[in-house]
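Asker: Read top to bottom, the protein sequences are chains G and B.
So the mapping is simple: the working numbering equals the position in the first sequence, first residue as 1, plus 7.
So the mapping is simple: the working numbering equals the position in the second sequence, first residue as 1, plus 1042.
Honestly, the hints are just simulated from the structure, not real lab data.
A hint or two may mislead.
Using C-beta positions, here's what the derived DEER-type ranges look like [what the hints assert, rightly or not]: (1) B/1059 x G/139: 41 to 49 Å; (2) G/131 x B/1058: 48 to 56 Å; (3) G/177 x B/1079: 29 to 37 Å; (4) B/1182 x G/91: 35 to 43 Å; (5) G/15 x B/1143: 33 to 41 Å.
Covered by chain G, per the in silico footprint, the following chain B stretches (three or more residues, Cβ under 8 Å) [to be verified]: (6) 1048–1054; (7) 1064–1076; (8) 1149–1158; (9) 1172–1180.
Every value quoted in this text rests on a predicted model; they were computed, and no experiment measured them.
Built from N, CA and C at the ideal position, the CB exists for glycine as well.
Read off the chains here:
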Amino acid sequence: MTPRYTELQLDALRELANIASGNAATSLSRMLSREVDLSVPRVLALPLADAVDACGSADEDITGVVIPLQGDIHGVVLLLISPEGAATLCRLLGVEPQSDLGESALREIGNVLGTSCLNALASMTGLQLEPRPPHVTTDMLGAIVSSLALAHTASTELVLVLDSELEVSNEPCSISFVLLPTGGGVTDLLKPLGLAETTAS
Amino acid sequence: MGTVRMGEIEVSSQAGEELVARGLGSCIGLALIDRGSGVAGMAHIVLPEAPVSSEGEPEPGRFADLAVPELISQMTQAGAVVRRLDAVLAGGAQMFEVGDMDIGARNAAAVQEGLVRSGVTVRATDTGGNRGRTMRLTVGEFTVKVKEAGGQITTLFEADGAQPSARRKTQTKGRSGR
């Protein structure tokens, strides 16, 4: 039951990721009043262990903002920010890092970026998508990514990772923006584009 | 580099080599040590049990019900003796409250159960809580060290001579206020 994706499907997913993260970058830029650069997104269909490695070093400390999705597809939007980057974001928003207020600011960034990403996905696919309240945690990257992927799929099949880097200009801050659709989430994303059928293997 | 990634099993009898399971969240790092033969092994276990109706062979290292006997079997092939094995567990955290189904606790229980069934003694555990961990086993000196995210390195198991000093620290379920 391992899903395989065709090049055409991966291209379509990359395009979705591109527009979704582009929207998120615009929102972040507005929120911070800073320019935000966006890398070309990667679309990777990988076994779980490789998916973790693709996100970074498994035991590095990282701040994760987790935005669970609800609506027509399952999955999470995950923002991975270095502790230094998280402190920079807090400073740009005028709050003390590593305080309750700092955490709440990061949660708000999660809200804004998650919502703008989902709005883009929804308008392209016609799906109903809503973010649930974000969690903020600073922990080991491997622990965050693997537990999320497992909690939302309870399987060890291929994990689809759509990720791009948002970089705040002239500041030591880059955000890894990861969309982790789970279960039937990928097929549901492809269906409105007329590309779902070839997933059957 | 002896990194044991998710679903992998490594066995070594080369003194000085390190076996490391990095960034354990709900996964379990299981270290088995036979000081008599100098063989040690580690599994990075992902889920409690293999799916019933899976197409093809499931990879044994991923599932507690298959990984425990597989690790033991690889170690006995390398010269270890089952009744001499010391087991050390770390991981099994509940990282997120939403949608987690506490896989971590189920993983820990499944590994413990598998060890009991195989007649292997658990010497030390550091499981539960809500932080990620990295587990490090040094072959030869047979120490097992655990580092919690944002925390210090602690020695969970030390095998000096015939008298292993072991301690047990199992965090209770539920989130502390950290």
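Asker: Taking the hints in turn, state whether each one holds.
Answerer: Okay, the hints, checked on the actual structure:
| no. | hint | result |
| --- | --- | --- |
| 1 | B/1059 x G/139: 41 to 49 Å | holds (44 Å) |
| 2 | G/131 x B/1058: 48 to 56 Å | holds (55 Å) |
| 3 | G/177 x B/1079: 29 to 37 Å | violated (59 Å) |
| 4 | B/1182 x G/91: 35 to 43 Å | holds (37 Å) |
| 5 | G/15 x B/1143: 33 to 41 Å | holds (35 Å) |
| 6 | 1048–1054 | holds (count 3) |
| 7 | 1064–1076 | holds (count 6) |
| 8 | 1149–1158 | violated (count 0) |
| 9 | 1172–1180 | holds (count 4) |
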